[in-house]
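Now for the letters of each chain:
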Amino acid sequence: MTATAEAGGADGRPAPGPRRRAAALLHRRPRLRLSLLLTAPLAWLVVVYLGALAAIFLTAFWSTDVFTGEVVRQFTLANFQTLVDEPVYRTVALRSLGVAVAVTVIDTAIGFPMALYMAKVAKPKYRPYLMIAILAPLWAAYLVKAYAWRVMLSQGGLLDEVLKPFGLSSPGYGLPATVLVLSYLWLPYMILPVYTGLERLPDSLLDASGDLGARPVRTFRSVVLPLVYPSLVAGSIFTFSLSLGDYITVKIVGGRSQLLGNVVYDNIGAANNLPFAAAVATIPVVVMLGYLAAARRTGALREL
Amino acid sequence: MFSVMPASAVRIRDLRKTFGSVEAVAGVDLDIGDGEFFSMLGPSGSGKTTVLRLIAGFERPTGGTIELGGRDVTGLAPFDRDVNTVFQDYALFPHLDVLRNVEYGLKVRRVPKGKRRERALAALHSVRLDGMEARRPGELSGGQRQRVALARALVNEPKVLLLDEPLGALDLKLREEMQVELKSIQRRAGITFVFVTHDQEEALTLSDRVAVLDRGRIQQVGTPAEVYERPATEFVAGFVGTSNRIGDVCVRPEKIHVHTEGGPQGGQGGGEGLTGTGDREALGTVAEVVYAGAVTRFVIDLESGDRVVALQQNLRTSSMDVLGHRGARVRISWHETHEFHVSGTGPAPAPAS
Ligand SMILES: Nc1ncnc2c1ncn2[C@@H]1O[C@H](COP(=O)(O)OP(=O)(O)O)[C@@H](O)[C@H]1O
Ligand SMILES: [Mg+2]
Numbered sequence: 638m639t640a641t642a643e644a645g646g647a648d649g650r651p652a653p654g655p656r657r658r659a660a661a662l663l664h665r666r667p668r669l670r671l672s673l674l675l676t677a678p679l680a681w682l683v684v685v686y687l688g689a690l691a692a693i694f695l696t697a698f699w700s701t702d703v704f705t706g707e708v709v710r711q712f713t714l715a716n717f718q719t720l721v722d723e724p725v726y727r728t729v730a731l732r733s734l735g736v737a738v739a740v741t742v743i744d745t746a747i748g749f750p751m752a753l754y755m756a757k758v759a760k761p762k763y764r765p766y767l768m769i770a771i772l773a774p775l776w777a778a779y780l781v782k783a784y785a786w787r788v789m790l791s792q793g794g795l796l797d798e799v800l801k802p803f804g805l806s807s808p809g810y811g812l813p814a815t816v817l818v819l820s821y822l823w824l825p826y827m828i829l830p831v832y833t834g835l836e837r838l839p840d841s842l843l844d845a846s847g848d849l850g851a852r853p854v855r856t857f858r859s860v861v862l863p864l865v866y867p868s869l870v871a872g873s874i875f876t877f878s879l880s881l882g883d884y885i886t887v888k889i890v891g892g893r894s895q896l897l898g899n900v901v902y903d904n905i906g907a908a909n910n911l912p913f914a915a916a917v918a919t920i921p922v923v924v925m926l927g928y929l930a931a932a933r934r935t936g937a938l939r940e941l
Numbered sequence: 002m003f004s005v006m007p008a009s010a011v012r013i014r015d016l017r018k019t020f021g022s023v024e025a026v027a028g029v030d031l032d033i034g035d036g037e038f039f040s041m042l043g044p045s046g047s048g049k050t051t052v053l054r055l056i057a058g059f060e061r062p063t064g065g066t067i068e069l070g071g072r073d074v075t076g077l078a079p080f081d082r083d084v085n086t087v088f089q090d091y092a093l094f095p096h097l098d099v100l101r102n103v104e105y106g107l108k109v110r111r112v113p114k115g116k117r118r119e120r121a122l123a124a125l126h127s128v129r130l131d132g133m134e135a136r137r138p139g140e141l142s143g144g145q146r147q148r149v150a151l152a153r154a155l156v157n158e159p160k161v162l163l164l165d166e167p168l169g170a171l172d173l174k175l176r177e178e179m180q181v182e183l184k185s186i187q188r189r190a191g192i193t194f195v196f197v198t199h200d201q202e203e204a205l206t207l208s209d210r211v212a213v214l215d216r217g218r219i220q221q222v223g224t225p226a227e228v229y230e231r232p233a234t235e236f237v238a239g240f241v242g243t244s245n246r247i248g249d250v251c252v253r254p255e256k257i258h259v260h261t262e263g264g265p266q267g268g269q270g271g272g273e274g275l276t277g278t279g280d281r282e283a284l285g286t287v288a289e290v291v292y293a294g295a296v297t298r299f300v301i302d303l304e305s306g307d308r309v310v311a312l313q314q315n316l317r318t319s320s321m322d323v324l325g326h327r328g329a330r331v332r333i334s335w336h337e338t339h340e341f342h343v344s345g346t347g348p349a350p351a352p353a354s
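From first to last, the protein sequence lines stand for chains A and B.
According to our numbering, the stretch in the first sequence is residues 638 to 941, in order.
According to our numbering, the stretch in the second sequence is residues 2 to 354, in order.
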């Protein structure tokens with residue numbers, strides 16, 4: 638790629654071939670270069686990802702023939718009507734939202750101090766090992782971890798043994814267990830962005846705050862928190878959306894509790910009502926869009 | 002320890018700090034007077050920043066004591082010490098605008114809002130940043146950030162202001178401007194400045210007294226003239242300006258007159274061969290001559306084998322004249338009052354002034 642291609646004719650050299658001319662053109666037009674480079678991945682994103690979303694959304698306005706089980710491709714608001722009218726779906730939706738919020742709060746409460754320790758307290762030479770310790774659980778299969786928790790939570794299981802001296806027992810299977818296991822599963826997704834944000838925070842800012850008379854709590858509130866807030870929001874987007882869409886953990890340790898994911902799953906499988914499943918699936922999508930819109934205001938999306 | 006002297010602003014005794022096996026500060030004693038402009042001068046890695054951080058309280062000393070205004074603060078946290086720091090990288094809060102940055106210290110100390118604003122605006126005015134209150138640090142130039150950092154520290158009216166190479170990141174012109182400004186601010190406010198720099202010219206220009214550091218030890222403390230004219234060790238002689246060894250004495254480059262065939266270079270019109278009492282001279286060959294605007298720099302190989310550098314003011318000469326001197330035989334002269342002797346090498350533990 639040379640700019641001399643343009644001047645080629647003028648100083649008597651042979652006229653540049655088409656390949657050189659194309660290269661020169663790309664060199665002069667960075668926009669063109671960029672769009673050529675991005676076309677393929679963008680096409681993939683639009684067709685496969687957004688296309689699938691659009692398909693779901695479209696399907697949600699169809700219905701299923703009760704007798705034949707065939708999808709009837711005719712516009713109807715019946716699915717959404719059912720969602721609003723049947724109290725059970727409102728309960729499930731609110732329960733899912735509650736689980737996602739609880740998981741996010743717990744992961745923030747546990748993840749933030751851990752990230753703070755890793756980024757600002759631990760000696761730099763230990764940081765890679767701590768990072769590996771945080772990441773290691775991600776290398777194990779999701780199902781393995783969920784079933785491990787099922788075993789630990791079982792009656793007379795590990796959790797019962799450990800808690801017995803304190804007069805406590807395992808929460809058993811149910812919503813608390815679901816929240817517990819989801820918090821465990823998604824914790825690294827909270828720690829990583831917060832750690833990155835904290836590591837980018839210069840130590841001299843903390844020194845400066847102390848120098849100006851601020852005690853540690855004040856420094857935390859006035860300097861650390863505002864500056865890593867976008868990272869916190871970024872982490873919460875992960876924990877929140879991953880919890881909102883989950884249906885496996887709740888199946889394994891949730892007892893008889895149902896979340897939105899289960900409703901979708903059951904309607905695809907047993908009930909064979911794809912349009913209704915699609916309507917249910919739009920709920921987390923809408924919630925997440927609202928969440929992302931709020932997060933955008935904080936500049937958190939730049940942290941992703 | 003009982004002292005009959007008036008309490009100094011900063012008093013340091015046998016201060017030590019080691020990081021692992023690195024002895025960053027290796028026994029420093031200092032007395033810095035009230036309202037003094039005190040500089041710590043030394044090469045990179047000599048421990049200047051560490052001494053400053055120890056005074057501010059960001060580091061705990063391995064040994065020794067620090068007193069501020071007669072009060073032992075060795076064990077106190079930074080927020081309990083009446084000092085403020087201008088950081089090398091300025092350390093401005095990026096999420097706060099200029100006004101809020103400057104107000105930060107007052108807000109933390111619960112100064113009422115009206116009073117706070119008034120003082121912050123006055124501080125910004127004193128560093129000539131009126132009208133910049135609403136900007137974020139990211140929207141300022143290096144020189145402006147430097148001033149905000151200064152205002153943010155000064156607004157708290159500390160007894161001692163610590164400055165860690167505050168002008169290091171500025172270009173030459175701005176740096177010279179800021180030097181003048183720093184000095185006048187310091188005089189007006191009457192605050193003790195402890196100023197860290199590796200730039201000997203800056204230290205000599207600004208300071209009432211200078212401490213020269215090397216490898217965690219103070220080599221010499223004195224007025225700029227003392228440090229420059231009578232360096233106590235070879236290290237000081239070499240670090241603070243250039244020193245020429247001629248036989249067993251040393252002479253500064255600008256104290257040497259070069260007598261060329263066309264007459265003496267430099268200001269004095271003394272003719273050749275005129276030698277008064279105390280005048281010394283030597284013969285040599287010009288190895289290199291560099292025209293540097295205001296001065297001409299001669300590098301001369303003496304017959305004795307020493308190589309000396311001499312600086313001559315370009316009073317009447319221009320580049321055309323000087324460049325022809327390369328290779329010429331010349332006589333150089335200096336006065337014995339400008340000779341100094343330095344003790345051998347090695348970091349001699351320097352006495353506190
Ligand atoms: N936090 C630290 N950890 C380890 N070594 C340090 C630390 N701070 C300073 N040092 C070492 O102490 C010595 C003095 O450093 P410093 O005070 O920054 O010097 P200066 O400011 O004069 O350049 C250097 O050798 C430096 O590597
Ligand atoms: Mg330094």
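Be careful, since some hints might not be right.
[What the hints assert, rightly or not] Reference listing, derived: stretches of chain B covered by chain A, where coverage requires no fewer than 3 residues with Cβ under 8 Å from a Cβ of chain A: (1) 26-32; (2) 67-81; (3) 94-100.
[To be verified] Not everything, but these chain B residues come out facing chain A in the computed CB check (under 7 Å): (4) 86; (5) 88; (6) 224.
[Said to hold, decoys possible] Label pairs and their computed distance ranges (CB to CB): (7) A:671 x B:314: 56 to 62 Å; (8) A:854 x B:169: 58 to 64 Å; (9) A:772 x B:23: 48 to 54 Å.
Hints are computed from structural coordinates only; laboratory data are not their basis.
Cβ coordinates follow ideal geometry from the N, Cα and C atoms, glycine included.
Quick rundown of the hints versus the structure:
With 0 residues having a Cβ less than 8 Å from any Cβ of chain A, the region 26-32 of chain B misses the three-residue criterion, and the hint is violated. Only when three residues or more bring their CB closer than 8 Å to a CB of chain A does the claim for the region 67-81 of chain B stand; here the count is 3, and the claim holds. Counting residues of the region 94-100 of chain B whose beta carbon lies closer than 8 Å to any beta carbon of chain A gives 3, which meets the minimum of three for the stated coverage. With its C-beta approaching chain A no nearer than about 5 Å, residue 86 (chain B) sits inside the 7 Å limit, and its interface hint holds.
Because the closest C-beta pair between residue 88 (chain B) and chain A is about 5 Å apart, less than 7 Å, the hint holds. A hinted interface residue such as residue 224 (chain B) counts as satisfied when its beta carbon comes closer than 7 Å to some beta carbon of chain A; here the least separation is about 29 Å, so the hint is violated. One distance hint, 56 to 62 Å for the beta-carbon pair residue 671 (chain A) and residue 314 (chain B), holds here, with the actual separation near 59 Å. Distance hint for residue 854 (chain A) and residue 169 (chain B): a CB-CB separation of about 33 Å, inconsistent with the stated range 58 to 64 Å.
Hint check: residue 772 (chain A) to residue 23 (chain B), Cβ distance near 33 Å, so the stated range 48 to 54 Å is violated.
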